[in-house]
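There are 2 protein chains.
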Amino acid sequence: MRILSITERTVPIQSEIQNAYIDFRKMTVSVVAVMTDVVREGRRVVGYGFNSNGRYGVGGIMRERFIPRLMHAPAEALVTDEGDNFDPHKIWDVLMAGEKPGGHGERSVVVGVLDMAMWDIVAKIEGKPLYRLLADRYREGQFDSAVFVYAAGGYYQPGKDVGALQQEVQEYLDHGYTKVKIKIGGPPLQEDLRRIEAVLKVVGDGQSLAVDANGRFDLKRAIAYADALTPYNLFWYEEAGDPLNYALQAALSQYYPHPMATGENLFSLQDARNLVRYAGLHPNQDFLQFDCALSYGLVEYLRILAMLGDHGWSTRRVIPHGGHQMSLHLAAGLGLGGNESYPGVFWPFGGFADSYAVEGGYVRLPDTPGIGFECKAELYRLLASLSE
Amino acid sequence: MRILSITERTVPIQSEIQNAYIDFRKMTVSVVAVMTDVVREGRRVVGYGFNSNGRYGVGGIMRERFIPRLMHAPAEALVTDEGDNFDPHKIWDVLMAGEKPGGHGERSVVVGVLDMAMWDIVAKIEGKPLYRLLADRYREGQFDSAVFVYAAGGYYQPGKDVGALQQEVQEYLDHGYTKVKIKIGGPPLQEDLRRIEAVLKVVGDGQSLAVDANGRFDLKRAIAYADALTPYNLFWYEEAGDPLNYALQAALSQYYPHPMATGENLFSLQDARNLVRYAGLHPNQDFLQFDCALSYGLVEYLRILAMLGDHGWSTRRVIPHGGHQMSLHLAAGLGLGGNESYPGVFWPFGGFADSYAVEGGYVRLPDTPGIGFECKAELYRLLASLSE
Numbered sequence: 001m002r003i004l005s006i007t008e009r010t011v012p013i014q015s016e017i018q019n020a021y022i023d024f025r026k027m028t029v030s031v032v033a034v035m036t037d038v039v040r041e042g043r044r045v046v047g048y049g050f051n052s053n054g055r056y057g058v059g060g061i062m063r064e065r066f067i068p069r070l071m072h073a074p075a076e077a078l079v080t081d082e083g084d085n086f087d088p089h090k091i092w093d094v095l096m097a098g099e100k101p102g103g104h105g106e107r108s109v110v111v112g113v114l115d116m117a118m119w120d121i122v123a124k125i126e127g128k129p130l131y132r133l134l135a136d137r138y139r140e141g142q143f144d145s146a147v148f149v150y151a152a153g154g155y156y157q158p159g160k161d162v163g164a165l166q167q168e169v170q171e172y173l174d175h176g177y178t179k180v181k182i183k184i185g186g187p188p189l190q191e192d193l194r195r196i197e198a199v200l201k202v203v204g205d206g207q208s209l210a211v212d213a214n215g216r217f218d219l220k221r222a223i224a225y226a227d228a229l230t231p232y233n234l235f236w237y238e239e240a241g242d243p244l245n246y247a248l249q250a251a252l253s254q255y256y257p258h259p260m261a262t263g264e265n266l267f268s269l270q271d272a273r274n275l276v277r278y279a280g281l282h283p284n285q286d287f288l289q290f291d292c293a294l295s296y297g298l299v300e301y302l303r304i305l306a307m308l309g310d311h312g313w314s315t316r317r318v319i320p321h322g323g324h325q326m327s328l329h330l331a332a333g334l335g336l337g338g339n340e341s342y343p344g345v346f347w348p349f350g351g352f353a354d355s356y357a358v359e360g361g362y363v364r365l366p367d368t369p370g371i372g373f374e375c376k377a378e379l380y381r382l383l384a385s386l387s388e
Numbered sequence: 001m002r003i004l005s006i007t008e009r010t011v012p013i014q015s016e017i018q019n020a021y022i023d024f025r026k027m028t029v030s031v032v033a034v035m036t037d038v039v040r041e042g043r044r045v046v047g048y049g050f051n052s053n054g055r056y057g058v059g060g061i062m063r064e065r066f067i068p069r070l071m072h073a074p075a076e077a078l079v080t081d082e083g084d085n086f087d088p089h090k091i092w093d094v095l096m097a098g099e100k101p102g103g104h105g106e107r108s109v110v111v112g113v114l115d116m117a118m119w120d121i122v123a124k125i126e127g128k129p130l131y132r133l134l135a136d137r138y139r140e141g142q143f144d145s146a147v148f149v150y151a152a153g154g155y156y157q158p159g160k161d162v163g164a165l166q167q168e169v170q171e172y173l174d175h176g177y178t179k180v181k182i183k184i185g186g187p188p189l190q191e192d193l194r195r196i197e198a199v200l201k202v203v204g205d206g207q208s209l210a211v212d213a214n215g216r217f218d219l220k221r222a223i224a225y226a227d228a229l230t231p232y233n234l235f236w237y238e239e240a241g242d243p244l245n246y247a248l249q250a251a252l253s254q255y256y257p258h259p260m261a262t263g264e265n266l267f268s269l270q271d272a273r274n275l276v277r278y279a280g281l282h283p284n285q286d287f288l289q290f291d292c293a294l295s296y297g298l299v300e301y302l303r304i305l306a307m308l309g310d311h312g313w314s315t316r317r318v319i320p321h322g323g324h325q326m327s328l329h330l331a332a333g334l335g336l337g338g339n340e341s342y343p344g345v346f347w348p349f350g351g352f353a354d355s356y357a358v359e360g361g362y363v364r365l366p367d368t369p370g371i372g373f374e375c376k377a378e379l380y381r382l383l384a385s386l387s388e
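In the order they appear, the protein sequences are chains A and B.
Take 1 as the starting number for the first sequence in the numbering used here and just add one per residue.
Take 1 as the starting number for the second sequence in the numbering used here and just add one per residue.
Same shape as in the complex, but just chain A (with noise of 0.2 Å):
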């Protein structure tokens, strides 16, 4: 059993949207194909992956240091003691042999590429969903058959006015979303204060939005905009300083009265921990929302998930940044609080298999065996041009 090939191609994500930090037109991912020797009811095993929006593509990295790991290191370092399925847990260790610690950035992201093309290579070969096998292998069989999931936009565009905003929004509930996230912290602090009471009239009440900084905020102004936020009761109030300043954050939460969230920035456990011990946030009360695809994949987020149970955190606080079909398998096989979603965005990586439609706020993953990109079929044209 061992890997034939390893094909990987970046990608523009083209968008006109932009958040506080960044402008999308520039934005690339990375997407991988991962070949093994394996065949399944006839068809070569394959695994895809990709990384999330936001960080770019890593395709040098990837070819400089991480698939010639891979593909010389040999067939028994990449298995099972059986030999019967591939290891991502032993394939992880290779592709961090030499590498130092600290300074979790770039490399995370290749890492959670190869390590989410891996997961679906096992998967495929044991002829289960994704979500299936985790729930298999570490919750005694126990799967959640829906995930929640919110609606991520509000980005903003250039002409894009409050009605478009409220337009934008409405389509989102149309679409089966409950909750809506929309972006804070471009524009001056009234003009968001419009932006939020518009989409208020639309989603009903706060519990139904949350919004997001993208770390874009000093205290002052973080703390100006709690003062403004908190009598809307909004769902939580994401990312208002820097990912690193947990300081900030600690202040922050002991500031404002309602849910925060943050760690999309984070990409390892030990920043992961780092949050957990000095931020100040509440188990009871607030979210994490780490991605795996940036983060050193699945292999390094049961690591924290196991870091945040011994911290008394529940999973269920866990709503993974990325909006991918693998953080959905994670929410369903792992019992996450639910998962991103980019509905209008991101194409085609945003959303989820095009057969389960947004119900309540749910989503419902297919029943094909790995992570089912075979089952959105804009995405799978893509991934599978790499294997052709």
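To be clear, the hints were calculated from the coordinates, so they are not data collected in a lab.
Hints may contain errors.
Since the list gives no way to pick one copy over another, a pair counts as held whenever it fits inside one copy or between any two copies.
[Claimed, not checked] Keeping only pairs whose Cα atoms sit at most 27 Å apart, straight-line, the calculated BS3-like set for lysine-lysine is:
hint	residue 1	residue 2
1	K160	K100
2	K26	K128
3	K100	K26
4	K90	K128
5	K26	K220
6	K201	K100
7	K128	K201
8	K26	K90
9	K160	K90
10	K160	K179
11	K220	K90
Chain A is fixed; fit chain B onto it per the hints.
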């Protein structure tokens, strides 16, 4: 005034050595040449940069994102308001446009390498060695005419016994170094103690020896080493645990009575500030080892030094990792405590200007404009090959 071209190459730093984490046989570094349209003393001004050992070359990301940003920027975005020189601070903003906060690894190396080349250019255009330019800009002209350097070695190598280690250390003393550093944490504690005692016989006393665990220890092993090391009263005990495990460092800082050192694997202002906030280090006793070539360059380093000042740290407690000439200029021009040096390894990057021997543990800098790579023949041959 503009950049005509940027050439980068990934080169191996072939070495049989190992530390407790990595095997350097596969280690690479990126070297870069930035060619300008400026002419000084009849020669075109070209700046050179490279990253320090331990983090691999970053050619892929450099080509994919960072070189295009510099080459596509309007000329005025890269130069001072007066237009009389390039402005590394403005260039930093151009390089980091479209980059999200957090995730400080790899790209921090890219920016470090390009920033080094740009400061080489800026100092060449001003016709000053970089340390004088820094002293003039940031320290009212005050500079150190020689910089403390210590010899970092004592790596593990196949077949290297205690006698060979003693011989290596004796060579450092013979070359003018007064303090040396050796690796610990590869073999069991008792063997490391035999190595330490053997080296102490050569260097004379504990204050002439530092030890470096390269982040390998959990708290239990870190404490066991602390117990064993305490009687030697060493110059410092470096990077006992994972560089991001501030809680481990804080426990150890309380426990171990003598100087400790860390920071080489923290690559941003945010990470450096977290270390200072949470790791319980002693500003009157400990050493910080941030390396500009790995951590967004001198522009970010100036922010880090300012942050350290706000937290009551003197620049004299900073002794950078990396053993390169760039940090030697920072040390002389910004009043740091010294610089690392790799006299025997990482050829041709280790060591400083050819004509300046280390004397009594200090080394002088050449008065050549720029960083003075031109005064290090073997290195310059490599760098110059990029701009031919």
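Cross-check of the supplied hints:
no. : hint        : in the structure
1   : K160 - K100 : between (45 Å within a copy, 23 Å between copies)
2   : K26 - K128  : neither (37 Å within a copy, 38 Å between copies)
3   : K100 - K26  : between (30 Å within a copy, 13 Å between copies)
4   : K90 - K128  : within (21 Å within a copy, 53 Å between copies)
5   : K26 - K220  : neither (31 Å within a copy, 47 Å between copies)
6   : K201 - K100 : neither (51 Å within a copy, 31 Å between copies)
7   : K128 - K201 : neither (43 Å within a copy, 63 Å between copies)
8   : K26 - K90   : between (35 Å within a copy, 21 Å between copies)
9   : K160 - K90  : neither (48 Å within a copy, 30 Å between copies)
10  : K160 - K179 : within (21 Å within a copy, 63 Å between copies)
11  : K220 - K90  : between (46 Å within a copy, 26 Å between copies)
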